[in-house]
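Engineer: Go ahead and model the full structure; you've got the sequences and the hints to work with.
Taken in sequence, the protein lines are chains A and Y. With our numbering as the guide, the letters of the first sequence map in order to residues 1 to 103. With our numbering as the guide, the letters of the second sequence map in order to residues 1001 to 1173.
Heads up, a few of these hints could be off.
Computed Cβ-Cβ distance ranges for the label pairs, DEER-style [what the hints assert, rightly or not]:
(1) Thr100(A) with Val1064(Y): 21 to 31 Å
(2) Ala1156(Y) with Asp99(A): 45 to 55 Å
(3) Gly103(A) with Ala1164(Y): 31 to 41 Å
(4) Leu95(A) with Ala1128(Y): 40 to 50 Å
(5) Val1119(Y) with Gly103(A): 43 to 53 Å
(6) Glu1060(Y) with Asp99(A): 43 to 53 Å
(7) Leu1159(Y) with Ala58(A): 46 to 56 Å
(8) Ile1137(Y) with Gly103(A): 46 to 56 Å
(9) Val1126(Y) with Leu101(A): 45 to 55 Å
(10) Ala1132(Y) with Leu98(A): 43 to 53 Å
(11) Thr100(A) with Phe1037(Y): 27 to 37 Å
(12) Leu98(A) with Val1025(Y): 23 to 33 Å
(13) Gly103(A) with Ile1017(Y): 48 to 58 Å
Since the hints were made in silico from the structure, they are not lab data. Values in this document were obtained by computation on a predicted structure and should not be read as measured data. Heads up, the beta-carbon is just placed ideally off N, CA and C, and yes, glycines get one too.
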Amino acid sequence: MVPLNWYLILSAFVFSCGLYAALARRNAIAALMGIELMLNAVNINLVAFWRYGNAVEALAGQVFAIFVIAVAAAEVAVGLALIISVYRLRRTVNLDELDTLRG
Amino acid sequence: MPAILDHLPTVQQVIFILIGLFTAVSALLVVVAPNLFHNALALVATFFGVTGLYVLLEAEFLAVSQVLIYVGAISTLITFAIMLTRGMMYGRTSPTNQQRLAAAIMAVLFFLVLAGLLVHVPWPVVGAELKAGEAIIADLGELFVTTYLIPFELMALLLLVALAGALMLARDR
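Structural biologist: Here is the structure:
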């Protein structure tokens, strides 16, 4: 079998990519893509630990991954609706130009 | 000779390396490619790579859900959002903000620390044999209406509220 470490390192890499996108991209949609990457990395971890763990029959890892997918779908729908709504008001989706609440 | 053969990767490991490289490269493209539309296409490729990992981990139901929800629905939503908010996307401004250097250093350090830890930790691995795919999906369905009934219903409520909220937010007034 593939060593468990390989999955974990790959998912750490995908998570780091997502982290960079969420922190450094100016476009709100690109930042949202970074969040999607991070959620996928978490899912890889959950499923890998489920497969290699000692409670394969309980299926907890898969169930959690399905919950994560559902929450991600809800999050992306609301996030993109917010982005479109902001774009209508301000004609921009650059995160650093949206500073109305800055003190 | 047997010592060398021990270190040769098995077929599964070769497949993992191929899928893993594909996933890693496309995840990197999502982050570094300057064109937003290319980012979205790379994101679809990443989702496919993760699907391959699920198949390799024998989580078939999740693999199918991944294709349906991520590749089918979320990618389409993102592509639509890119098209609806076009105009600002190309040229003119840099794709990253002023904290790109700090963010890059943080992300690289985060990865190095995690990878360094993960290489050394001896995870207790069982890796038991699984039942047939259909039996696992039947078990999953049963778990959702027994052990995980309340989270399952909450998830349904969350999806309903989120989608109604998204409609309200994006509605053209």
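Engineer: Look at each hint and say if it fits the structure.
Structural biologist: Hints and how they fare:
1. Thr100(A) with Val1064(Y): 21 to 31 Å: Hint violated: Cβ distance 43 Å, outside 21 to 31 Å.
2. Ala1156(Y) with Asp99(A): 45 to 55 Å: With a Cβ separation near 37 Å, Ala1156(Y) and Asp99(A) fall outside 45 to 55 Å, so the hint is violated.
3. Gly103(A) with Ala1164(Y): 31 to 41 Å: Hint holds: Cβ distance 33 Å, inside 31 to 41 Å.
4. Leu95(A) with Ala1128(Y): 40 to 50 Å: Holds, since Leu95(A) and Ala1128(Y) (Cβ atoms, about 46 Å apart) stay within the stated range.
5. Val1119(Y) with Gly103(A): 43 to 53 Å: holds (44 Å)
6. Glu1060(Y) with Asp99(A): 43 to 53 Å: Once the Cβ atoms are compared, 47 Å apart, the range 43 to 53 Å for Asp99(A) and Glu1060(Y) holds.
7. Leu1159(Y) with Ala58(A): 46 to 56 Å: Violated, at about 25 Å.
8. Ile1137(Y) with Gly103(A): 46 to 56 Å: This hint holds: roughly 52 Å between Cβ atoms.
9. Val1126(Y) with Leu101(A): 45 to 55 Å: Holds, since Val1126(Y) and Leu101(A) (Cβ atoms, about 50 Å apart) stay within the stated range.
10. Ala1132(Y) with Leu98(A): 43 to 53 Å: The hinted range 43 to 53 Å holds for Ala1132(Y) and Leu98(A), with Cβ atoms some 51 Å apart.
11. Thr100(A) with Phe1037(Y): 27 to 37 Å: Roughly 28 Å apart at Cβ, these two residues keep to the hinted range, so it holds.
12. Leu98(A) with Val1025(Y): 23 to 33 Å: holds (32 Å)
13. Gly103(A) with Ile1017(Y): 48 to 58 Å: holds (50 Å)
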